[in-house]
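Taken in order, these protein sequences are the chains called H and Y. Going by full-length UniProt numbering, 12 is the number at position 12 of the first sequence; the sequence numbering is gapless. Going by full-length UniProt numbering, 97 is the number at position 97 of the second sequence; the sequence numbering is gapless.
Incorrect hints may have been included.
Below, in silico cross-link-like pairs of lysine-lysine (BS3-like), each with a Cα-Cα straight-line distance of 27 Å or less [as the list claims (entries may be wrong)]: (1) H:Lys157 with H:Lys97; (2) Y:Lys68 with Y:Lys81; (3) Y:Lys435 with H:Lys157; (4) Y:Lys446 with H:Lys46; (5) Y:Lys435 with Y:Lys348; (6) H:Lys178 with Y:Lys228; (7) Y:Lys317 with Y:Lys81; (8) Y:Lys435 with Y:Lys360; (9) H:Lys150 with Y:Lys435; (10) Y:Lys276 with Y:Lys141; (11) Y:Lys81 with Y:Lys276; (12) Y:Lys446 with Y:Lys228.
Counterexamples of contact, computed for chain Y against chain H with all Cβ distances above 12 Å [to be verified]: (13) Glu97; (14) Glu408; (15) Leu419; (16) Gln439.
Just so you know, these hints were derived from the structure itself, not from any lab. Each residue gets a CB set at the ideal place from its N, CA and C atoms; glycine is no exception.
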Amino acid sequence: MAQDMSIDDLLQQMTTAAPFLTGVTVSGGESTMQLKFVRQLFAAIKAHPQLSHLTCLIDSNGYLSTNSWRAMLDEFDGAMIDLKAMNNELHQWLTGKGNQRVLDTIRFLDQHNKLTELRFLAIPEITDTPEELSAIQSFIKELRSDFTLKVNAFSNKAVKGEARQWSNLPTERAQDIKELLISS
Amino acid sequence: MSHQQAGDIQSPLRNIVNDPKLSFIQKARYLSLQADSMLEYPELPAQVKAALESRLICDMFEGHAPFKPRYVLPDYQTALKNGSEYLELPAPQDLDEAINFLLILFNHVPSVTGMPVFIGRIDQLLEPFADESISDEQLHKKIRLMWQMIDRTLPDAFLHTNIGPEDSRVARAVLAVDRELKQVAPNLTLRYDPAITPDSLLLQAIENITICNKPHIANDAMNVADYKALGDFRDYGVVSCYNTLPMAGGAHSLVRVDLKKAAEASDGTVEGFLNKTLPEVCEWTYQILQARINYLVNESNFYQSSFLVHEGLIDPKRFTAMFGMFGMAEAVNHLLNLDTAEGYGHSKEAQALSLRISEKLAEIVESTPLEHCWHNRAMLHAQSGINMDVETSPGCRIPYGHEPSNLEHILAVLPHHKLYVAGISDIFPVDETVKNNPQALMAICKGSLQQGLRIFTCDMANNELIRVTGYMVRRSDIQKHKEEGSRLDTSVLGAGAAENCGILNRNARTISNENIVWGSDLS
C-alpha cells in the first residue's frame, strides 16, 4: 500500500522516534528505485540536529550500478544487499535477471567499507546445493570488509506461484549453512 | 467485632485452619492477619472511615494494628562490616560466610508481607568477597544456591534485589543465574547509568528480559539526583514491585487514593475535581497515614525494640510514608467523558489533564507535613494495583489491552515519571519476535531512560514468568493455584490479578510497527 510522503513528513516522524533509535534503514520494494528521494532524505537527516546521530542504511537487491553507488558514497553509512544465487542461470531463473550487477555492487561496497550486511536466501534443493554453497563461500573469501552475513531460511508462507510448492528450510539448517559459509 | 457471636468470630479462623490448599506456614500467617483485623482500627473521623469502607481510599489491608513498617531497607553493608550481636554472628571473612550471614539476616527483616522486600544491592555486598580465589564457575554455583535458598525459604515475589550501575562479576553471575532459574523470587532491578554502566551489561539484562521478563531497568542517575535533592542522602533502593525508597530506612506505611472513585464522587467537572474533591480526599488520606504511623511509632514498640535499629541497620528517622494513587486512566476518561479506546494513552487532551492531576498530587505531597516521617513529609507513589482491583488501572498506567504502539505508550506515560519519586512503573508489552533483536529493545530502553523514564519494565508475551503489577508470577502457577494451592504466596495474588485485572490481556506490540505513524502525537 503505497502512500505519498514528503521529506518533512518523514523528518517529523523521525524526530519523535529518534531518542529510541540508533539508525534509519530504507527498504522497499526496492528503495534505490527512489534514489533521488533517498539521497535528499539522508542529507536532511545528517543536517538535522536531533537526527544527525542516526546511521543511514539502504536495504537493496543490489541492482544499482556502481556508478550510482559511487556518486552517493559519502551520503550513506552502509547497505544490506540480497544475494539470491551465485550461478548466473539459477539467478536468472529465480529473479528474471542475471547476477552480475549484484556481484559488482557487493564488491564495490566491500571495497569502500559500505557493506553492512550480506544476505543469502537458502531455498532447499534450489540454492542450498553443494555447488552454490561452495561458490558463495569462495566469493565471500574475496571480501575484506567487516560485514554481517545473514542466511535467511526460505519460507513458503509469504510467496506466490510456483514457490509455494517449495519446501521450507529449517532454521537449524540456515545456521549450519552460515557456519559453513564463514568457515575458511 | 465485640458485638459478634463467638461462632461468627471463629468461623473465618476455622476456614483458614481447615483450608486444603494452604501450607501450615500460610495458615499461621493468615490466622495472624485475621487476629490483627479483630483489633480496633486506629481512631479516625467518621467521614474518613466511610472513605476507607467505600474503598475511595485503600489502606492496602496492612492490618488494623501496624506493628512493623511496610517496607524496610536495611543497610546490609554496615551489617557485613560489623557483624551482628543480636544474631551472634561475627563479620564475615569470605564469600561463603558473607552469603550465609546475609541469608540468615534476610529472615529477620520484616515488611508488610512478613518477608523482606529488599535484600540489598547484592553485587556491591558480595563483590568484595568474590576475589581471585573464587573462579567464575564457583561464583556461579554459589549465587545459584543462594537464589534457590531465597526462592524456597522466602517465597515472595516482592522480595527484591538490585544490581549495577557498576559492572562486576557478581552482577554478571546474578544475571546468568536469574535467567537460568527463572524464579519469581528475587525480583530484580538493574540500576542503569549511561555514564557508568557498560552496554554489554545492559545488553545482558535486556536479553534476560526476552527470556524471563526480568529485570526492571531503573534510571539510577535520575533516582540519585532526586534523592540527593531531598537531602540526607544515604543511597536508595528499588524494592517490592518497583518502589523507590531511602536506604537504611524505608516506608512506615502506604495508603492509596482511588482516582476513579474520586472522579466519580466529584461534581464531574475538571476544576471541581482538582480544586475540591482531590484536596479533600488527600486530606483524609493523610489522616489515615498519620493515624497508622502514630500507632506504629508510638504504640507498637517496633522501632524501640528492633535489633535492626540497635545495630544501626535502619534509622527510624529515615522512614517515609508512601502516598499512593491509582486509577488515573479511568479518572481522566470519566472527567473528559472518553471511551477507554480513545481516552488516556490515546488523546492529547487526556494526557494534559492527567499531568495536571499528577502535578496537583505532587504539590500536595510536597507541602503537606506528616509527623515521624523522613523530611517530615510523605513521598508520591504510583501504586501498581492489587489483585482485587477491577476495571481500575494501576498508577498512571494505560488500561491493559488498550496500550498504543510501544513508542506512543512510552511517550504518553513518560512525563509522569519525574513526579513520582517513590516509584512509578509502566509495563511495556513487547512482541516475542524482539528475542531476535535485543539491540532494538536496548535502544528503546536507553532512549526512554534518557528522556526521563524512571524505570523500564517489559512484559513479553508467552514467557513463563509474567510481570503482574511489578512482581512476577509463573504462568503455570496461576492455573495450578486454582487446583491445588501454591508454595508461593504471590501466586495467590497473581491468580487474583489474572482473573480481576486482565493482566493476561495486555496488547503485545512489535518494536518496529511499520503501520504506526510515530509523529501523530497521541491525537
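Taking the hints in turn, this is what the structure says about them:
1. H:Lys157 with H:Lys97: holds (24 Å)
2. Y:Lys68 with Y:Lys81: holds (25 Å)
3. Y:Lys435 with H:Lys157: holds (21 Å)
4. Y:Lys446 with H:Lys46: Answer holds: Lys446 (chain Y) to Lys46 (chain H) is near 21 Å, not above 27 Å.
5. Y:Lys435 with Y:Lys348: violated (32 Å)
6. H:Lys178 with Y:Lys228: violated (52 Å)
7. Y:Lys317 with Y:Lys81: This hinted pair holds, its Cα atoms lying about 22 Å apart.
8. Y:Lys435 with Y:Lys360: Not OK: Lys435 (chain Y) and Lys360 (chain Y) at ~40 Å, beyond 27 Å, violated.
9. H:Lys150 with Y:Lys435: Holds. Lys150 (chain H) to Lys435 (chain Y) sits at ~16 Å (cutoff 27 Å).
10. Y:Lys276 with Y:Lys141: violated (58 Å)
11. Y:Lys81 with Y:Lys276: Violated. Lys81 (chain Y) to Lys276 (chain Y) sits at ~52 Å, over the 27 Å cutoff.
12. Y:Lys446 with Y:Lys228: Holds: Lys446 (chain Y) and Lys228 (chain Y) sit about 23 Å apart, inside 27 Å.
13. Glu97: holds (45 Å)
14. Glu408: At roughly 9 Å from the nearest Cβ of chain H, Glu408 (chain Y) sits no farther out than 12 Å, so the non-interface label is violated.
15. Leu419: holds (20 Å)
16. Gln439: Violated, since 8 Å does not exceed 12 Å.
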